[in-house]
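Protein chains: 2
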Amino acid sequence: MALSILFLFLFNFILPSFSHPFDPLSPLEIQIVTSTIKSNFNLTSRLTFHYVGIHEPNKHDVLLWLANPRSSPLPRKAFVVARANKQTHEFLVSIADGHGMIVSQSVYRGSGFPTLTFEEQTEAIDLALKYPSVVSSMEKRGLNVSNVVGSVFTIGWFGQAHNETQRVVKVLFFYKESTVNVWVRPVEGVETVVDLDQMVVTDFQDVQRCVLPKSEGTDYRASSMQPPFAAETKPINVVQPLGPSFVVKGHTVSWANWDFHLSFDMRVGIIISTASIYDVDQRKKRQVLYQGSLSELFVPYQDPTEEWYYRTFMDAGEFGMGSAAVELEPHHDCPSNAVFFDAFHGGQDGNPVKLTNAYCMFEKYAGNIAWRHTESAIPGELIREVRRDVSLVIRTITVIGNYDYILDWEFKKCGSIKFAVSLTGIMEGKTTPHKHTSEIKEEIYGLLVAQNTIGINHDHFLTYYLDLDIDGQENSFVKGKLTSFKTDGSTPRKSYWSVVREEAKKELDARNLPTEPVELYIVNPNKETTIGNQVGYRLIPGPMPRSLLLEDDYPQRRGALCDHNVWITPYNRSEKWAGGMYVDRGRGDETLNIITQRNRDIWNKDIVLWHTIGFHHHPSQDEFPIMPTLSGGFELRPTNFFERNPILKMKAP
Amino acid sequence: MALSILFLFLFNFILPSFSHPFDPLSPLEIQIVTSTIKSNFNLTSRLTFHYVGIHEPNKHDVLLWLANPRSSPLPRKAFVVARANKQTHEFLVSIADGHGMIVSQSVYRGSGFPTLTFEEQTEAIDLALKYPSVVSSMEKRGLNVSNVVGSVFTIGWFGQAHNETQRVVKVLFFYKESTVNVWVRPVEGVETVVDLDQMVVTDFQDVQRCVLPKSEGTDYRASSMQPPFAAETKPINVVQPLGPSFVVKGHTVSWANWDFHLSFDMRVGIIISTASIYDVDQRKKRQVLYQGSLSELFVPYQDPTEEWYYRTFMDAGEFGMGSAAVELEPHHDCPSNAVFFDAFHGGQDGNPVKLTNAYCMFEKYAGNIAWRHTESAIPGELIREVRRDVSLVIRTITVIGNYDYILDWEFKKCGSIKFAVSLTGIMEGKTTPHKHTSEIKEEIYGLLVAQNTIGINHDHFLTYYLDLDIDGQENSFVKGKLTSFKTDGSTPRKSYWSVVREEAKKELDARNLPTEPVELYIVNPNKETTIGNQVGYRLIPGPMPRSLLLEDDYPQRRGALCDHNVWITPYNRSEKWAGGMYVDRGRGDETLNIITQRNRDIWNKDIVLWHTIGFHHHPSQDEFPIMPTLSGGFELRPTNFFERNPILKMKAP
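Protein sequence lines, in the order shown, are assigned to chains A and E. First residue of the first sequence? That's 1 in the UniProt record's numbering, and the numbers climb one at a time after it. First residue of the second sequence? That's 1 in the UniProt record's numbering, and the numbers climb one at a time after it.
Check before you lean on any hint, since a few could be wrong.
You can't tell identical chains apart in this list, so a pair holds if it fits in one copy or across any two.
As a list, the in silico BS3-like pairs of lysine-lysine whose alpha-carbon atoms are at most 27 Å apart [as the list claims (entries may be wrong)]:
| id | residue 1 | residue 2 |
| --- | --- | --- |
| 1 | Lys441 | Lys481 |
| 2 | Lys285 | Lys249 |
| 3 | Lys234 | Lys249 |
| 4 | Lys527 | Lys418 |
| 5 | Lys176 | Lys651 |
| 6 | Lys649 | Lys176 |
| 7 | Lys176 | Lys214 |
| 8 | Lys649 | Lys214 |
| 9 | Lys441 | Lys479 |
| 10 | Lys284 | Lys214 |
| 11 | Lys527 | Lys214 |
| 12 | Lys234 | Lys649 |
| 13 | Lys506 | Lys479 |
| 14 | Lys435 | Lys284 |
| 15 | Lys649 | Lys285 |
| 16 | Lys527 | Lys441 |
| 17 | Lys481 | Lys418 |
| 18 | Lys435 | Lys649 |
Hints in this document: simulated from the structure, not taken from any laboratory. Quick caveat, the model's predicted, so the values are computed rather than measured.
Whole structure, please, built from the sequences with the hints as guidance.
Structure follows, in structure tokens:
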């Protein structure tokens, strides 16, 4: 309790940026950490770094430190996952005075493997492209080998016993002649399996010769376009003559009534920590979110045939939403008033890798209204008050091969935090001999989107980790079930609905399916408004179609994060991964579904909200050869958090 | 078929604005029409005009005319609903050469009454405020009568027989002393019933003396605010140095690849007609939407007690979404690059009433991305293509007493039409003696949002009328049911989903509940893409919690538009009203639920899509005394309508 009170003063101090406990590792720190491991570790095979990031300090220590940031900085520690001797090694390395020290070291012996590195993917592709059988297969098809490109596909897990599961991937091939849109021109039938630890091709197949779809009309570069062009409109821009309103010190951001810490992680991308909002009526900062980020992204394709069945990707844990984030293009990826930030992560060799323009921050004014009213009930008076809706957006874009994920955090002055997920990029094409739907007699697991090209049905399920701390750590989860009631007949009305409060005492009580009308609250049961409502935030869920895989199917076991759209767990620093920590070839033994089976107490505890949103995607021609953005999102909205509308006293501009 | 082909040429001609068949009645036309009725109609009591609008011409005639707009204009006809002699009269009046002629005239003898006029509401309030018992009730409460304001409440229908149903409303009272936020200060316990035809008070009640909630902190005017103020941010604006890209000729709008006709109606507000999109690949305009608008808005409150049970409003049919549209404030209600338009409707006396800035049109750039991709699979090449998402918005804001509805149409270059519904304004407060939730032992049907004030639970259900004509009139509705399948075991994968096509042959087949995973298509079964997919649009539905009223409860019978989220009917010029045409005190005998029981053929017919979106609203303190905007929406998205992405060839700006 004392901690919570102290926490409130946190953001009144300007912190030296380098000392914030959640600051990502600096390039120098990355170097120190990986050098320490290299020099202290007996190598008999090569050592590859798969994750290098800040080791999250103990929450208690962070809150203590934040309450008194003039005290000495918290010790810096890094968590590292490396691969050597065909084993996954975990290290904890402390950093002090420019030196690193291995604090702990262990070998992970469970199922699954760490995130793939960019470098080993490149190496595997190079290897496969030079593999003699691949070369001869390409030549047999009359293809110019120098125009063949490769891509790494993780292969999931399908019931193999632990000792049968190797760290292998498939390398598949695409043809880039006449178009850069390689994804719609797979050289299907040829595939290689590469063992990433030994970096050797372990399997090769050339099972069938498929047609190569034509390249015409598939390129998406402006430079390759011929008239007629799509309709143009006149220039439009967002301008801020006095500059942006946000202030960034180190990794701490202040904007309007919000303060938060912003970090960037190899695995999940943007992490927002210790977000608090200034309550103008109470004249103090109030805690909202201790930490939040994307946790996992599950993409099961729905073609069960030999060539496609294994495509059941876990993009965060397998490819890294941070390390696969792409450089943002000013004026286009983010509007002209955006500010761009670089980020660093550890490369496979342990050296820091710079991501230029890894994320952007901008104020958004989409022409919307924060609140308004025109009053005509009062004779002789014209009353009209309108406030514009201006918000703060933090954007990152991650490209996993063919697909582009635009992920936005949006902070609103009314206290809401909105999350937007936008899907664009290129749908993976599967080749088919068919040029017209009339020729199709069999199940094609998708839609013919162009001649010889099927867009395969698939899903995107994104699970967010949201450690809300509403006015303190001890929070609870309440479902407000909208329930029909019959009246007693004392008026002509026969029915009404009311909200039946259901308190989630245990983890299994909290799980939710999005089919029933329910309001979902995270409340602080120890804190009431002056008129007695529990302070809280409400989750307005995103789209969440249920998964349609069978419960005992392997992808569904690994991707059990989509069994429900809401889960609550007690805070546990080591529980961050909705699909488990080691998801490449993992067996789903650490998913939210498994974690919550312990059915721990969650009432009046430090709890974490996990929210899964999803998209079923049955492709259409209009999405070929590149896909107009499809968006969804969700909102955390203050609900009896404030005594009254927190932007009532917003001045008109 | 010939018609459809002709239609395609339609927008290549510039039409003289005055002659378009869908143009709203001009002020002169309104005057001619109502004068004609007045002079031809034998009056024994007063005549009040409740609806004056264009009589929609026969679709066949419109399409013929549009195919050859140089031919003589279609005859102009007006449809008028008036009240006289306690009867509802319907008139069809032709207008030619500056003269009107009554073409047909009838008395409506079914259930329900026409839309209330603004003038009769004012008159009823004035009458009630001067009613001696009201004055003395106010004085008994120590209230200054000159500070009391009134508001008209429609009272629904609760099983009364036809001859028992009078055209009466309740006038309720609110106190404006010290605050203009009258809605949170009801003078509860006092109510009057006013007969609108006779314009007399027919009933009066002073059942209980309730507490009057305090005014402090309820005013929302900037001028009444004291520091501290909510956090401010620096100026931000949308600028278009070369002006907007849309061209408006009369009521015809061209923007980017879109052309459509824009009208404004007393009852439903914005009507978009004959919207077509230019297909850059086919180099021609293609039909999308023959006509679309909001049809009805049902707002049942969930307090069944004597004072509140009847509050089950049908805002479009009872109050008029067009006639209750408010003047938009430049720079605030719409961004600075918006263009504003006036509209006219017929007043109660038949004279035209001008609505200044009734709607606005602006190009929107919210910083979003239309499509993008970064390609890293091709060694040595950096490929990044990003296109910004700029759209066209048409906005109108309707205020029904306390609530403000912001209704946007958004046209996107990718072919999507998006609909946004935003709720703001003031929640109706119910008084209570309670100042703290701990005092509440009984069901309060809502939440204590301030001392002595309950925000009452309620819903908003909005049904849109969408007469899609995808590449012609004959269309069909198809549900693509996402269905789980077991595999044959030939691969390790056990399951997948696929789309099972279900064709809706009859009206009852088409009704949909939003609980199952399904894709909803309007297709043209006579038209395929070159590779054989049926051209169509997909409805991405909005939020739609099911109604929680009992099926046989009177409000649910009147508001049966919320029984399903999708309905399909064969086009019928007279079927425009999801809740029926005469909804004030109506018995629900013309709702979509009733209409569709005829179970007409809808396959390969000229069909209409009706879509209902809804919000359950359990209030919170953060929404008091004025509500931060809550938004929802839906999308019509081209699905195999184009051969490929229609904005592939959009130039980078």
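Hint-by-hint comparison with the structure:
1. Lys441 / Lys481: between (47 Å within a copy, 19 Å between copies)
2. Lys285 / Lys249: within (18 Å within a copy, 53 Å between copies)
3. Lys234 / Lys249: between (37 Å within a copy, 18 Å between copies)
4. Lys527 / Lys418: within (24 Å within a copy, 41 Å between copies)
5. Lys176 / Lys651: Intra 56 Å, inter 23 Å, cutoff 27 Å: inter-copy only.
6. Lys649 / Lys176: between (58 Å within a copy, 20 Å between copies)
7. Lys176 / Lys214: For Lys176 and Lys214, only the intra-copy Cα distance (11 Å) is at most 27 Å; the inter-copy one is 72 Å.
8. Lys649 / Lys214: The answer is between: 18 Å across copies meets 27 Å, while 60 Å in one copy does not.
9. Lys441 / Lys479: For Lys441 and Lys479, only the inter-copy Cα distance (20 Å) is at most 27 Å; the intra-copy one is 48 Å.
10. Lys284 / Lys214: Classified as between; 25 Å across copies, 63 Å inside a copy.
11. Lys527 / Lys214: Classified as between; 24 Å across copies, 64 Å inside a copy.
12. Lys234 / Lys649: For Lys234 and Lys649, the Cα distance is within 27 Å only across copies (16 Å; inside one copy 36 Å).
13. Lys506 / Lys479: within (13 Å within a copy, 39 Å between copies)
14. Lys435 / Lys284: So Lys435 and Lys284 pass the 27 Å test across copies only (24 Å; inside, 65 Å).
15. Lys649 / Lys285: This pair counts as within: shortest intra-copy Cα distance 17 Å, inter-copy 49 Å.
16. Lys527 / Lys441: between (63 Å within a copy, 20 Å between copies)
17. Lys481 / Lys418: Classified as within; 23 Å inside a copy, 30 Å across copies.
18. Lys435 / Lys649: between (62 Å within a copy, 23 Å between copies)
Comparing the model with each earlier hint shows no violations; every hint is respected.
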